[in-house]
Amino acid sequence: MKVHVDMSICLLHGQCVIAAPEIFSFDDAGGLVWVAEIDEVQAGDAEAASDACPEQAIVLG
Amino acid sequence: MTQDALADDTLPFLDVADPKFSIRSQAVLDARDASWCARTSYGLAALRYDDVQKLLRHPKLRQGSYRWPAHNGVTGLFARWWEAMLLSQEGDTHARLRRMANPAFSPKLISSLIPKFQALANMLIDQFAAKGECDFIADFTEPYATGVICDLLGLPFERWRELADIAGEMGLALGVTFKQDLPTIEAATQRIFDFAEELVAERRARPTEDFIGMLIQANADQDQLSDQELLDMIVLAIFGGIDTTRNQLGLAMATFIETPAQLTLLSERPELGRAAVEEVMRVRPTVTWVTREAVEDFIYNDTLIPAGTTLHLFSQSATSDPEIFPNPGFDITAERKPHFGFGGGTHHCLGHFIARGDMTEALKLLAQRIKNPRFNGPVEWLPDSGNTGAIRMPIAFDPA
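If you're matching them up, the sequences are chains A and B in order. Each residue of the first sequence is one higher than the one before, starting from 1 at the first, in my numbering. Each residue of the second sequence is one higher than the one before, starting from 1 at the first, in my numbering.
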């Protein structure tokens, strides 16, 4: 599964980091980083993160 | 040397603890022109859009309103709950509770709830439409906000008045008259915990598939959700859902009464319902400030902010900041930068998809069914700071 974050609408709330810390994290400069390609085992966490995003900025495919 | 902000008497001072203080006053506008921040009775206030946006998610800040009871010299039942519940937690405990609660507030649930929101709004409007007048709070926003929570948590709608009263009385804790209103707040807190305990006993006997059922399942493992956390979470879901939506819808009606052409526009173009919610929350948020606290000394805008400082981020003044909103008037067709009415960052409002959904349907239907609304007697307001809103709002209107 591919993970993409639309950074034009992301407001860096960090809800994805709480919902799926193995996929999303903040770097030292406070920017959002994520694993772009995940396996099926992580799909549930990715969906939880996508649902939890207040701006609905996460695209899974 | 960098000046300690709390000791810097060149910064404006705002007496925000005074119940007569208004977050929309000239003093706040002047302070915002003069400086990015003001000193306040509690610490500092950030006044401008860019600073509020940055400070909402600043790594040197934690959620700060856990200190609100202490700021008001208050202890007791409400304070115990407030300091323990999800919003006041940080780190691993916060993440565990938030992950648990998230699925019950997922955007995927909204489409199935919309017909329920519409039926509830129509049922309530039916009761007063022919009379051409109502108390918009007692007759609409309270039963509506409470009815949505009843739907969501499977609570008996027949008890809406009792639950709305409890939420309204507990909500007094989020204003600057917290200490003065303490007996009322404590009694309401006792009643909501009694209600939650009753509910848990009932759902243990007859399990449900909803949010409460899910919490009770999690509670089977005390490390996942302790007995106290279970009750605290149920109280948060009931209180948090009712009080804020009640207030925000009242503020919406007041805003439309002051700018009637916008209500006409919404009745002609119901697809603007969601934009109307966002615009109301920009110009008249019930949550007029969001609170943070410095976890260590840090420098921001050449200002030293000492560890332990409370920062009130003034959502109200930030989203009327002329630097960002050169035409700040209420306009439901305008493209706007995001407001801060749901807070932001780790503690962004959990129930915002539901709140946005239910308020959108309510405003659309009100615009269609209530024409030319006007105030029909004195409106009773909470202090114009903290979590604000109307307690009583008599209105008259022309039935559609």
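Don't take every hint at face value.
Said to hold, decoys possible - Only pairs whose alpha carbons sit at most 35 Å apart, straight line, appear in this in silico DSBU-like list of lysine-lysine: (1) B:K337 x B:K371; (2) B:K20 x A:K2; (3) B:K54 x B:K337; (4) A:K2 x B:K108; (5) A:K2 x B:K179; (6) B:K371 x B:K54; (7) A:K2 x B:K60; (8) B:K54 x B:K179; (9) B:K371 x B:K60; (10) B:K54 x B:K108.
Unchecked claim - Between beta-carbon pairs, the in silico distance windows are: (11) B:G73 x A:E55: 46 to 52 Å; (12) A:G44 x B:A7: 49 to 55 Å; (13) A:M1 x B:G308: 19 to 25 Å; (14) A:G44 x B:L265: 39 to 45 Å; (15) A:L60 x B:Q26: 47 to 53 Å.
Quick caveat, the hints were computed from the structure, so don't treat them as lab data. Where is the CB? At the ideal position from N, CA and C, for every residue including glycine.
Against the structure, the hints:
Distance restraint check for K337 (chain B) and K371 (chain B): the Cα-Cα separation of roughly 30 Å lies within the 35 Å cut-off, and the hinted pair is therefore satisfied. The suggested pairing of K20 (chain B) with K2 (chain A) is violated, with an alpha-carbon distance near 54 Å, which exceeds 35 Å. Taking the CA atoms of K54 (chain B) and K337 (chain B), the gap is near 14 Å; set against the 35 Å cutoff, the hint holds. A hinted pair counts as satisfied when its Cα atoms are at most 35 Å apart, and K2 (chain A) with K108 (chain B) qualifies at roughly 20 Å.
About 52 Å separates the Cα atoms of K2 (chain A) and K179 (chain B), which puts this hinted pair outside 35 Å; it is violated. As the CA atoms of K371 (chain B) and K54 (chain B) are separated by approximately 41 Å, the hinted pair breaks the 35 Å bound. For the suggested pair K2 (chain A) and K60 (chain B), the alpha carbons sit about 33 Å apart, so the restraint of at most 35 Å is met. The straight-line distance between the Cα atoms of K54 (chain B) and K179 (chain B) is roughly 32 Å, inside the 35 Å bound, and the hint therefore holds.
A distance of roughly 49 Å separates the Cα atoms of K371 (chain B) and K60 (chain B); the hinted pair therefore is violated under the 35 Å criterion. The hinted pair formed by K54 (chain B) and K108 (chain B) meets the criterion: a straight-line CA distance of about 30 Å does not exceed 35 Å. Evaluation of the 46 to 52 Å hint for G73 (chain B) and E55 (chain A) yields a failure: the beta carbon distance comes to about 38 Å. Between G44 (chain A) and A7 (chain B) the CB atoms are about 51 Å apart, so this pair conforms to the stated range of 49 to 55 Å.
At roughly 44 Å, the beta-carbon separation of M1 (chain A) and G308 (chain B) lies outside the given 19 to 25 Å, and the hint is violated. Checked against the hint of 39 to 45 Å, the pair G44 (chain A) and L265 (chain B) passes, with Cβ atoms roughly 43 Å apart. Take L60 (chain A) and Q26 (chain B): their Cβ atoms lie about 49 Å apart, and the range 47 to 53 Å holds.
When each numbered hint is compared with the structure, violations occur for hints 2, 5, 6, 9, 11 and 13.
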